[in-house]
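With the first letter of the sequence shown counted as 1, position 158 gets the number 159 in the working numbering; the numbers rise by one all the way through.
None of these hints come from the bench; they were simulated from the model.
Don't take each hint at face value.
Each computed BS3-like pair below joins lysine-lysine, with the alpha-carbon atoms no more than 30 Å apart [said to hold, decoys possible]:
id, residue 1, residue 2
1, 63, 26
2, 63, 104
3, 208, 230
Simulated DEER-style distance windows between Cβ atoms [stated by the list, open to error]:
id, residue 1, residue 2, range
4, 128, 186, 22 to 32 Å
5, 314, 63, 41 to 51 Å
6, 314, 233, 42 to 52 Å
7, 128, 361, 20 to 30 Å
8, 215, 3, 31 to 41 Å
9, 63, 106, 49 to 59 Å
10, 209, 297, 13 to 23 Å
11, 16, 233, 33 to 43 Å
12, 200, 52, 56 to 66 Å
Just so it is clear, CB atoms sit at the ideal spot from N, CA and C, and this is done for glycine as well.
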Amino acid sequence: MPSPLHTPRVNNNDDVVRLIRIHVKAGDAVDAGDIVAEVETEKASYTVEAERSGFVLAVIPKLEAMIEVGSVLMWIGATPDEPIPAVQHAVASGGSTAEPTVKAAQLLAKYGLQASDVPAAGGRLTAKEVEDYVSRNAAAPRDVQSPAELVATASIPDAAGTFEDLTTNERGMLRTVLWQRQHAVPGYVELEYDAAAWDRAAAEYQKQERLLMNPLLALMAYRLVTVVKQHRRLNATIVGERRLVYDTINVGFTVQSDTTLYLAIVRDAGRMTCREFVDRLAQLQRSAMAHRLRNEETSGATVAFTSMARWNVTRHIPVLPPNTALTVAHAASSFGGRAALGATYDHRVLTGFEALAALSEISRVESMDEQSVR
């Protein structure tokens, strides 16, 4: 019996994505886990994998089409000649043709939208409906170019060369960097702390929990979780002219596998005990090293933690993942067991004092409660 492969949700704010690549055609055989397509928003792109083995019966939307999350992307059957069900397949529909109010028209101009982009309940498109649409879709002001627009208007260097397509992960990194440049107002702060005390605490925890691997970075990332639980503004972003404070704490943790840099996401970390967090992060790290992270395990970060200590880097300034306000940067210790703990922060959401106060709390081992070290 044919089964539908549905369009995945790339992140919580987007109900519509663009189909940017199709890797299969009708009649092709696929195995479960094969990459069959790629979709993107303005901020990220992700691969879509086949959920079962079989044959592609039909690809529903056209390349570059805007498609609704949850709509049927393609049909897969046991044989290449199975008929697909006679059902309607949704492509992203336009909004209303209602006349906007003066305030709504001003907002449409600000965000580079058309009235037809925004659904309206009544005969007039209201400012509230535009604001709600912006909140759901994180629309950017019109003076901010999308990645596609930047490519279209990019100048060609004078020196000769050969164009190469970016990989999916490289395009994701491009959109991350563009988001920080176009949206965030990044700042950076750091403080010196007693890294030796953290090393001792991690060694003690490893012994108590009988862990094979040193849990230092996992413990520090979990300490970030406990600080974010106490200070909700750290777990937020700006959408339009409003602050969006997230309901859950999704910790992005960088993992380098060969030449690929992943941001693995520990979802709903605020509900986890320390041991649950350590175990979940270890699972994600193993998946990343094997290049087997699923889409939902690489998107939706609300706060982030990164370390370059394994390369003996003593200071680095990380880039903010899209729609986050804080990334904590851990580095290698210098002589005497002292080290710098840094943070890149979005100045639209946080002040330098707030970012520094968060670092100060993370740096102090003695301030961790029993649940945080058990």
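Hint by hint, here is what the structure shows:
1. Simply put, residue 63 and residue 26 have alpha-carbon atoms about 12 Å apart, close enough for the 30 Å limit, and the pair holds.
2. Taken as a hint, the residue 63 and residue 104 pair is broken in the structure, with Cα atoms around 36 Å apart against an allowance of 30 Å.
3. Annotation: proposed proximity of residue 208 to residue 230 holds, straight-line Cα distance about 27 Å (limit 30 Å).
4. Checking the proposed 22 to 32 Å range against residue 128 and residue 186 shows it holds: the Cβ atoms sit about 25 Å from each other.
5. With their beta carbons about 46 Å apart, residue 314 and residue 63 fall inside the hinted range of 41 to 51 Å.
6. Between residue 314 and residue 233, the C-beta spacing of about 31 Å breaks the proposed range 42 to 52 Å.
7. With their beta carbons about 41 Å apart, residue 128 and residue 361 fall outside the hinted range of 20 to 30 Å.
8. Taking the beta carbon of each, residue 215 and residue 3 are about 49 Å apart, not inside 31 to 41 Å as hinted.
9. Remark: the range hint 49 to 59 Å for residue 63 to residue 106 is contradicted by a beta-carbon distance near 32 Å.
10. About 32 Å separates the C-beta atoms of residue 209 and residue 297, a value inconsistent with the hinted range of 13 to 23 Å.
11. With their beta carbons about 25 Å apart, residue 16 and residue 233 fall outside the hinted range of 33 to 43 Å.
12. Our hint of 56 to 66 Å for residue 200 and residue 52 is violated, since their Cβ atoms are close to 44 Å apart.
When the structure is compared with the earlier hints, violations turn up for hints 2, 6, 7, 8, 9, 10, 11, 12 and for no others.
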